[in-house]
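Visitor: What follows is each chain in one-letter form.
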Amino acid sequence: MVEAPPLTDLIRRAQDGDAQALKSVFDVTYEDLRRLARSRLSKGGRGTLLDTSALVHESYLRFANAGQLRIEDRQHFLRYTSHVMRSIVVDLVRSKLAERRGGGARHVTLNTGLGDGAPAAEAEILRVHEALEQLAALNARMAEVVEMRYFAGLTESEIADALGVTERTVRRDWEKARLLLAETLS
Amino acid sequence: MSKLRLDPASWSELERLLDEALDRPPAARAAWLESLDPKFDALKPQLRALLLRAAEVETSDFLATLPGVELDAIAATAADGRIVGPYRLVRELGRGGMGSVWLAERVDGLIDRPLALKLPHVIGSFPGLAERMARERAILAALNHPHIARLYDAGLTDDGQPYLALEYVEGRPLDVHCRGADDAQPLDLRARLRLLVQVANAVAYAHGKLIVHRDLKPANILVNADGYVRLLDFGIAKILDEGAARDSALTEFGPRALTPDYASPEQIRGEPLTVAADIYALGVLLYELLTDRLPYPRSSRPELEHAILNLEAQRPSEAAGRALRGDLDTITLKALKKQPEERYATANAFAEDIARYLDGRPVLARPDSAAYRLLKFTGRHKVGVAASSAALLTIVAGAAISVWQARVAIAEKEHAQEIERFVVGIFQEADPYRQAGRPLTAAELLRHAQGDIGERFADRSALRVSLLGLVGTGLMNLDELPAAESSVQQAVADAVSLYGQEHLETLRARVLLAEVHAARRNNAALRQELPQLLAAARAVVAQEPELLIRMLKAQTDLAIEESRFDEGEAPAREAFQLALRTLGPRDALTVGASTLQAEAVMFSRAPPEVVLAEAQRGLDFALAAYDGREDNPRVIQMRDVHIRALDAMGRIDDAIAEGDRIIASAGATFGPTSLAVAYAMMNTTRLRMRVGDVATAVAHSRQSLEILRSRIDPESREFVYARASYALALLAARRFDEALPELDAVLRFAETHRGKDSWDAITLRYQHAVALASLGRDAEARAEAALPVNTSAEEYDEGWVNRMQGSVALLTGDYEAAVEKLRIAEQLLSGSRAALRLPPILTHLGLAQLERGDSAAALATLTRALQASDALKLRMNPTYADALYGIGRAHLATNSPAAALAPLERADSFWREFDADNVDGGPAAYWLSRAYALAGRKTDAEAALARARALRAI
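Top line first, the protein sequences correspond to chains E and B. The working numbering runs 437 ahead of the 1-based position in the first sequence. Just so we're aligned: 930 in the working numbering is position 938 of the second sequence, and the numbers increase by one with no gaps anywhere.
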C-alpha cells in the first residue's frame, strides 16, 4: 500500500529510474524538514541548533555525493524543500489549532474564524499561507520568494541562486510581497 | 482575506509603478506619486495605500521570521492513534510527495475491517474541494469489482484535511512482482500478460461506469500472494487534480505532479481525459512488462514530454532485444497511438487481443472504423473546456455516449442493461436545472443520439428498446419533455411488439412513459395508466424495487396535482421507506422520495408545527445525502419545501433569508439565468410582497418569468404560477397596464384548468377587477366584482372577498359600499394571516372615509393602518404611502396644514424613489403642493404641482 515517492522532476532521477532512491530522497528530507520546521516554530530552538541552509545543504550533499542527484539539481532541490517546508509548517500549525479545540470541535473554519480564536502567531502563519495563493496569481515568483524566505528561512542569496535571478530582484520581490501582505493582514 | 483586491490584470501596471516608486528614497515618493500622469489615476489609491505601508513595513521586522508557536502539545511525528475525521490512525504505511498513507480504522466501527487512509498534502486552499470529494465519492462508491480496491469514503475534516478511505490491500507493485523481488523468480511472459489482462478487465469495468483512472502505473497496481491484481486509487487523481489545475504555479510542486511516464499525449497537453488515456497507460504497462523498459527513456521532464507528444516508441521486440511475436508489437503500438481515437476503443478490446495472443488466436488490432466514427460523432474533442461543474457534466455526458456506443459496437448483446444503468445514472445525477448554450450540451447529444437510434439499430430491436428508453430518460431529466415522450413512446411500442405486454422490459418502458406523463402534467394519461402499473410494479418489487418507488411517487404527484391532498402522503411514505430499505439513504431516488414525503405532508393539512418538523427532517436528509452541498438541485428543491413550511409557521423573515441563500447558491452554481434561480426567485416573490418589498418582488418575479419563458411549457403549472406572481407584484407596484395582460392570461388558465368557481379563479378575478378599476375601466370592474360567488371551494374566505369588493368600490367611486365592505372585511379577519391583511384593509377603509368627507374617522383609521404596518415591520410600500397621503389630506381637511406636510412629504418622496413616473404618485404630489402653498413655500409648491401635472393628477 506504499505510494510511490514524489515523482516530481525537481529531483530528477539520476540514472535509469531507480524509484527506491527517489523514495529515500523524500523520506529522509521529509523527516529532516519536519524537525527543522518544528525547530523554526518552537520559541526555544529557533535559529540556534538548526538552520535551513545548513540542513538543506547537508541533505542535498548526501544525495549528490551518493550520485543520486546532479549538481544542477540544487536549484530545484531548494525550491522543492521550501515548498515542502511550507506544507509542514502549515500542517503543524493546523494540528496545533485542532488540538487546542480539543480535536473534535466543530464549526471552526480556518478561513473565517481566524481572528476569533487563534493566537496571533498561528493566525499570522495561516493567513500568510492563504494570502500566498492570491499573491501567486499576481506574480508567482513573488509568492515563491515569500515561501523560501518566510516559511523555509533561506537567505536572499540562496533564494536568488535557486530562482536564477539577482539578489536585488529577490529583495524587491520580498519588499513588494511584504507590502501586499501587510495590506492584506492588517 | 478580504483586503487584497487586486486582479492580475491591473497588477502588472501597478507593479511597474510600484517598482518605480520603490526605486526612489521614501521621502521623494509622495511627490512622485502626485506628479504621475493622470492616466494612472485609477491606480493611485492602491499605490498610495501600499506606499503608506512601505513606510511602516520598512522600519519594522514584519514577517522577518516565522513567529514562534508553542508546539509541546504536538507529538514529534503525526501520532498513531490520532483521529482524522471518523478514523483512528493505526500506523503509517507510507509517505510520499502526495501525502501519507495510514492503516486506519473507523472510530464508530461502521466499516469493520482495516482501511488505508490517504491524507494528501493540500497546499493552499482549494475552493470546492469538499464538494468535489463528495461527488467523486458518490461515483467511486459504485465501483465494486474484485480487482479494484474499494473506496469507502472521502471527505474533509473540520480542519480542511482531505482524507480518502480505501480498502487496505496487501501486495507488491506490479513491476516489483514481475521482476521477482524477494528472491522470487522473475515472472515469464505469459504470466505477466495474464496479470495485465486482469488489470485491463478491471479498467474496462470501471470505464463501463464512466470512471477513468487517470493515473495508472505499477505503484497503483498491487499483486497479492495469490497472484491477483488489485487496482488502487481509481479516479482519485481527478479529485485533487481539478482544483489544483486552475491554481497558480505553486501547484507545480503540489499534490498533482503526475508521473509523466504513463501519461498520454492528451494528458501532457492538459486536455480533458477520456477512457483513451487509461488505454494509453495500459499500453505503457504492456510495453514495460514486455521489455522491462519504458517506451520513452527517462530524461528531464521537457524531454520526456516532447517524446510522448512527438516521437514513435521503439517496437517492443527491438527494445527487448529478443523475439516477441509481431502481434505483441501491434497490440502495444496500437494502445500507444498518439491520437486517442486510433487506440483501442475499449479496454475490453485491448484485453481481448492479449487473450487472443495467449490463446494463439489472431489478434484484431486494427482501427475499428465504426467505433471511430461514433467517437467522432460525439465530438469528444470539441466538448470539454472549462472545469466548471456544468461543463464537466457535459463532458461526462459526452464520454457516456462514446463509451456506450463503442461498447455497443463490440458487445451488443449482454451489456445493454448495464450500459443503460450507467448512462441513466449519469443523467439522473444531471440535475434538471441544466443551462443551455454550451458548446455541446447533453440535451443536444441526446437528441442527436435519438435521431440515430432508429436507423442504426433498425435490425436490433432489443437493443433499440433499451437505447430509446435511456435516451428518453436522459431527455426527461433535461426537461426536454416532448422529445422524451416520443422516444419513450417508441420504446414502449417496440417493447410490446418484441416482448409482449407482460415482460419486465415492457414494464420498464411503461413506467418511464408514466413518468414522462407526470413531468408533462398529462394527468389524464397518468391517471389511466397508474393503477395497472402500480400493480405490475408491486409484482416485481423484489426484483426491481425502483419501479414501484417511481410509481408510488407518481401516485403522490398526481394526487397533489388533482388537489386530492389527503391521498398524497401514504404513497409518498411507502415510496420513501421502500427506497431507504432497498436503495439506501444516498440514492437520488431515495432523496427524491424523502422530499416528496415532506411536500405531501405539507399539502395534507397537518398543523404547521408538524409540517415544519417534517420539512426539517427532509432537509436534513437531503443535506446528509449530499454532504451539505447547498448547490445540489435536490437540496435546493427540498429548501423550497422548507421555505414554504417556515412561512406556514409565520417565520417569514427566516423564509426570505433562506430564499436569498438559495438564489445566491443556485446562481453561483448553475448561472444567473438557470431554472434553479428562476424557481427560487419565484418561490420568494410572494413572501417579499408580504413584507412590503415590492420592488424586489417585481424584479425577481420578472426575472424568473423571463428565464422560464424560453425554458418551460407556457401551459405548465410552474409557468402559470410564475406569471401569477409577476402579475400580483405588478399590481402591488401599481403598474396596472402591465399587470392586466398577465392577469388576463393567468385568469384564463385558472378558469380553464381549475374551473370558474375554483378559489384560484375567484381570487384572480377580483385582482383583475382591481386592475380594471385602477385603469379607469369602472363598468367592467364593477361587473366583474359583482359576479356571484358560487363556490364550494374549501379555501373560500368571505373576509377576503369583502375586502376585494371594497377595494373595487373605492376605486370606482362607490365610497358608501367601500366603507361597508371593508368594515366587514376587518371584522371577519382571523387566523395567522389577519395581521398581514390588516394594513391594506384599513388603508382602503380610511381612504373611503376620507372621500366620503369623514376626515376625523379617516385620520383615525389611517393612523391604525400605519401602526399595523409598523407592527409587522413592513418596508415602505405603495399601500403605506397611500395611508400617509390620506393622513395628509385629512389634516388639510381639518385645517392643520402644518401636520399635513410631513406625511405628504414622506409619501411623495417614496414615490419619487420607487417609481417616479407612476401616476399613483400624482395625488401625493398634488396635495403636497397644497400643503406647501398653505405654508407659504411657494417654490416648493410649484415644483410639487409641476410633478402632479406631469403625473396627470390634475
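Calculated from the structure, these hints are not laboratory results. One or more of the hints may lead you astray.
Which residues of chain B face chain E? A partial, calculated answer using Cβ under 8 Å [to be verified]:
1) Leu9
2) Leu10
3) Asp11
4) Leu35
5) Pro37
6) Leu39
7) Phe54
8) Pro59
9) Gly60
10) Val61
11) Val712
12) Tyr713
Quick caveat, the model's predicted, so the values are computed rather than measured. Positions of the beta carbon are idealized from the N, C-alpha and C atoms, including for glycine.
Visitor: It remains to establish, for every hint, whether it holds in the given structure.
Guide: Results of checking the hints against the structure:
Interface hint at Leu9(B): violated, since its Cβ lies 11 Å from the closest Cβ of chain E, which is beyond the 8 Å cut-off. The restraint placing Leu10(B) at the interface with chain E holds, with a minimum CB-CB distance near 6 Å, inside the 8 Å limit. Checking Asp11(B) against chain E by beta carbon gives a least distance of about 7 Å; that is within 8 Å, so the hint holds. Proximity of Leu35(B) to chain E is violated relative to the hint, the smallest CB-CB distance being about 14 Å (cut-off 8 Å).
This hint is violated: Pro37(B) has a C-beta 12 Å from the nearest C-beta of chain E, more than the 8 Å allowed. Look at Leu39(B): its Cβ only gets to about 10 Å from chain E, farther than 8 Å, so that hint breaks. Given the 8 Å rule on beta carbons, the hint for Phe54(B) holds: about 6 Å separates it from the nearest Cβ of chain E. Hint status for Pro59(B) relative to chain E: holds, with the closest Cβ pair at about 4 Å, below 8 Å.
Interface restraint check for Gly60(B): the shortest CB-CB distance to chain E comes to about 4 Å, inside 8 Å, so the restraint holds. Below 8 Å, beta-carbon pairs count as interface contacts, and Val61(B) has one with chain E at about 5 Å; its hint therefore holds. Checking Val712(B) against chain E: minimum C-beta separation of about 42 Å lies over 8 Å; hint violated. Taken as an interface hint, Tyr713(B) does not check out: its beta carbon lies about 37 Å from the nearest beta carbon of chain E, beyond 8 Å.
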